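4 protein chains.
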Amino acid sequence: MIRFECDYNEGAHERILQRLISTNMEQTSGYGTDPHCHRARNLIRQACENEQADVHFLVGGTQTNTTVIASTLRPYQGVIAATSGHIAVHETGAIEATGHKVITVPSDDGKITPDQVKVVYEAHINDGSPEHCVQPGMVYISQPSENGTMYSKAELQALFDVSQQCGLPFFIDGARLGYALASRNCDMTLADLARLCDVFYIGGTKIGALMGEAVVILNNKLKPDFRYMIKQRGGLLAKGRLLGIQFETLFEDGLYLEISQHAVDMAMLIHDSLAEQGIAFLYDSPTNQQFPILPDDLLQELRNRYSFTFWEKVSDTHSVVRFCTSWATQRENVDSLLRDISQSLNKFKACV
Amino acid sequence: MIRFECDYNEGAHERILQRLISTNMEQTSGYGTDPHCHRARNLIRQACENEQADVHFLVGGTQTNTTVIASTLRPYQGVIAATSGHIAVHETGAIEATGHKVITVPSDDGKITPDQVKVVYEAHINDGSPEHCVQPGMVYISQPSENGTMYSKAELQALFDVSQQCGLPFFIDGARLGYALASRNCDMTLADLARLCDVFYIGGTKIGALMGEAVVILNNKLKPDFRYMIKQRGGLLAKGRLLGIQFETLFEDGLYLEISQHAVDMAMLIHDSLAEQGIAFLYDSPTNQQFPILPDDLLQELRNRYSFTFWEKVSDTHSVVRFCTSWATQRENVDSLLRDISQSLNKFKACV
Amino acid sequence: MIRFECDYNEGAHERILQRLISTNMEQTSGYGTDPHCHRARNLIRQACENEQADVHFLVGGTQTNTTVIASTLRPYQGVIAATSGHIAVHETGAIEATGHKVITVPSDDGKITPDQVKVVYEAHINDGSPEHCVQPGMVYISQPSENGTMYSKAELQALFDVSQQCGLPFFIDGARLGYALASRNCDMTLADLARLCDVFYIGGTKIGALMGEAVVILNNKLKPDFRYMIKQRGGLLAKGRLLGIQFETLFEDGLYLEISQHAVDMAMLIHDSLAEQGIAFLYDSPTNQQFPILPDDLLQELRNRYSFTFWEKVSDTHSVVRFCTSWATQRENVDSLLRDISQSLNKFKACV
Amino acid sequence: MIRFECDYNEGAHERILQRLISTNMEQTSGYGTDPHCHRARNLIRQACENEQADVHFLVGGTQTNTTVIASTLRPYQGVIAATSGHIAVHETGAIEATGHKVITVPSDDGKITPDQVKVVYEAHINDGSPEHCVQPGMVYISQPSENGTMYSKAELQALFDVSQQCGLPFFIDGARLGYALASRNCDMTLADLARLCDVFYIGGTKIGALMGEAVVILNNKLKPDFRYMIKQRGGLLAKGRLLGIQFETLFEDGLYLEISQHAVDMAMLIHDSLAEQGIAFLYDSPTNQQFPILPDDLLQELRNRYSFTFWEKVSDTHSVVRFCTSWATQRENVDSLLRDISQSLNKFKACV
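Protein chains in written order, with the working numbering: chain A, 1 to 352; chain B, 1001 to 1352; chain C, 2001 to 2352; chain D, 3001 to 3352.
Simulated from the structure, these hints should not be mistaken for lab results.
As the structure is a computational prediction, the values presented were derived from the model and not from experiment.
Glycine included, each C-beta is placed from N, C-alpha and C at the ideal position.
The reader is advised that the hints may include incorrect statements.
Unchecked claim - The calculated lysine-lysine pairs, modelled on DSSO-like cross-linking and capped at a C-alpha distance of 30 Å, are:
1) K2223/C - K1118/B
2) K313/A - K2223/C
3) K3221/D - K221/A
Said to hold, decoys possible - Partial list, derived from the structure: chain C residues whose beta carbon lies under 7 Å from chain D:
4) N2009
5) Q2027
6) V2089
7) P2114
8) A2154
9) R2184
10) N2185
11) K2239
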């Protein structure tokens, strides 16, 4: 079974494992106060070109989103997100469990627009009795989105502008951030992105680490006491250095972008090959997740050798599925997948 | 600097690291559904001599306590714990953040008694207006306690009995469980303990793992939908196999107890050596944490070479400190510590 | 200024005030344990033809919805409701503040269908990883709905059936229940409704009381410890008899339905008069809220003498507004309103 | 049965009822936006000699404490209170249900000291890892305390000073505030108290109103968006004017203090009469709650005619009970109680 179902099917990049071994018997203090975390924080600040940024390491994505959002909102506030946003659908109500509503706006491709933010905000402040409704208190997006799509620099700028006009902190979930930065038409650097939001996180779990996410807080108002929030929400790892060592490795000489690039390259092989054969895609994704529309018969065959994610049925005979690549995807597995799909497509064509 | 300040100063036992490397490029499904988690669960069920137990892997202690407790209590219930219990003092209000009160009972040594449970329970049900007060809904203890002390089998039995009489699920926090099981006067096995509670967890973070705790649910009523709780509270690790691989390694041939034994042996070296020299201890701890009462001058000197935890001042001239050993503690470091303490003690005696 | 903006513009029905005066210096115990609450509970049980029902009195609607829902759901569950449901839009996130998601389904008229419940439920249980999503745990509707529309007995039966099939408690918000029961094509009694759900409440605030809602719990599983929930959520009124006295008055000889009937009669005067003049309505409401589509110019004029609620714009020249009647609405005010609307309509017609 | 068990055994002062009747058919807008609430707010501002104060009306005490505290604290903060504080013992965990710990300090008489606040605060900031513990975020006291005792002006000043030094908002629960202000050795006015805290509330439920508490916010930082909090926590009464009308009546010509004075006078009759006969008291209360230590045999007899609250057993033969007086207590009932106690005391003496 060759797996394309997600971007966390394997362990960690081998340099991370090597580093864990070489540092294993060092004695350090706990909870992220060790020299590795310290160095990793500095490396990330440099990559963000922002010496004042606060950098914290948490274990996983749900925990990170919950901690950032619960730390920012007042009790009667909610966070604006796409209906397809991770916090809206795939975190078992973790945001609500902190007491906050996710205020959803519709999205066809996983992205939201500045107008949508403005409409929600203005509808609220123009309501005759706003105190009867949840007050918008934050804007959440994912870059790239859960559908693989990506915001351009101009789009981020516009979202950040409208958020600031509305007084709403702008939070970017970067669980797969590397795969956006490494995409072929990406027009922004990590430093650009760090200038276009109040807080974001750099995903490690899905990009080469065993686990771990690095929260980067740019807005001074969001900085105080964040460690209390991490601890309360279960994210302050006793052996915090595990996270420091991983991000140190990922950021000391460009490994993060390098392995992201590999994943995107593998995804583009899939995309371009299928597109050439006339296959359509549900979303126009330049990143590591691809959503082709394929014949159900073909998918049935493919399941014998490959794992991938069923997304949705689009007709009596066709469905959308998701193929994920990652830092660990092997070229020969992609070739094999594409070869098998091509053969099946030809076979089915021949039948007709 | 030689560290005795806690039991998570180093990385992980080398066999765990080796296993992470040897399995690194395996492709597995996520969130604890992989073969390693499956096997680790079976090994733990065997060690507990309970084939029906549900076993779940979470990342850290605060998260584990929060998830178990929030999953068990009704909204108006609280959990009974010692004033010194980890959930009462060192989790930044994580239990309260799930909406529940920690109902504390006083404790000199970190342990609570069946009578204390009974008194809280009866005071509540005999109150004329019980609905004005938090209803006791669970009993929480740590084995060993935060002070290194240990419950005997008879004591656990008595606590479990009274909990059952009161209809209160009995939960044992085993963050350092191995260090209790390996202590020299321990009269119980893991399987014994698993028969004496409704739910408990086996700590990995403090005993050889990079991170990870294994929750073992014995009571059928506490089993349904526990994975929803883990996910909502941020504990469902994407690469869940990291936890499975570690517990597989710890439980496949007795490594967990073996390394716990080492830590306890090192602690006993400290204990016996100091006791012989007439040093008193704040708590009578047979486990990996030792709390000697030492002269402040001596401690001042010691700090140049060793890290340890200040606990409390007991007189104008003496303080209690905590020395922790762990699976990773090296004999030569213990010898060095004891040598330096002896020399200082002699020096101070000579002065007098 | 004559007010039609809501159904709580006045104080209380005079018989309630008289009863408050005549009982004022009685000494009774607090928190709903007094003889008036006792008698009111019995009267409501009789009206529901269910001697086993638990009846509790709370102060307001948001509090009641929050208490019932938080008492029913497990931490990872959410409540299914229409997008227009009161709990989804007008309670400042009170449900989320208890940790639960409101799972909304679209609705044009304020009502939801059994199919919508089934789709949400089946989508969840058929999800490959349901524990990553909020689990549906309850169904919430309002009878009549926030848009004045009403479920028939058959519709309630169908919703209750599907809820039971899915194992979801079915909760009816009856903030305006009397106005449904008194509507001209209502085919159910209070006792019928009490057989078609697990829990519901009878609104007092909007139907003749100073304040107060009576929760009726039919399902035995939802009964235990409900008073703890009321107390914790701030609903256990010290002078609980105030609520008992009011519901005693409303239910001892049919006052509740009698005054509801008056409100509906007044609403039908408005409805029939406007309909005769060719005015269309946004919702087909047989209850005390009417939503006519009127020319903006006319509305502008009307605002000088009458208060009512702007609902939404439907064209460049027309808007929907809401007129509410209540137990306290005076016939001459309705006549005056209708006269003024007719004159304006004629004037505008004459212009054309 | 003559009741002295609490201060909410009767309805409301008759002037309040008269006002409810005379205003009953006025049409006003809802949720506290009506002229009566407006006027009541102004009267309270005047009584507080603070034109900038925000005044809000809520329904009950638990709700008020919860709303004020949840509005003030950050998620990881707790509120310092006496172990006997109402929020610590008699609100079914309502504060914890908002996610916050009540940090208790011991108290013999219901009062806390500036030193206790300082110690909690300093222990926290001097902790090596403060983020592992709940951060003190507010100070809560009751004036008078739950035990009837009272803070002097100097004591309030000292508590306010230390709170400000520690950056902790200082909140006074005034559920029985009138009974403190009217006590014979009270050295402060309402305006004095309003200068000595950040936020407090004036209790109506226990002092002449049907229900209702008036929150007075002095500190500008605590003012924004408070109505959102009230609504979310179920305290925004639809017919808000009910609260406005009551506080208007209580504050327009001194009624609040006048009826409080009556209650205190009745309590002092009890106190002085018993003291004269050599009866000791558990607390030195100058307010409307009296806690005499009486022979169990006498109490047994007394229960046939009077209701009062058992407090605690102090010896094999004696217990403490609580007698409450209120604005509604009738002199003849007090006389009767004292006569019966005297007779019993003499009878028992005669036996000896």
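**Asked** Of the hints given before, which are not true for this structure?
**Response** Failing hints, ascending: 2, 6, 7, 8, 9, 10.
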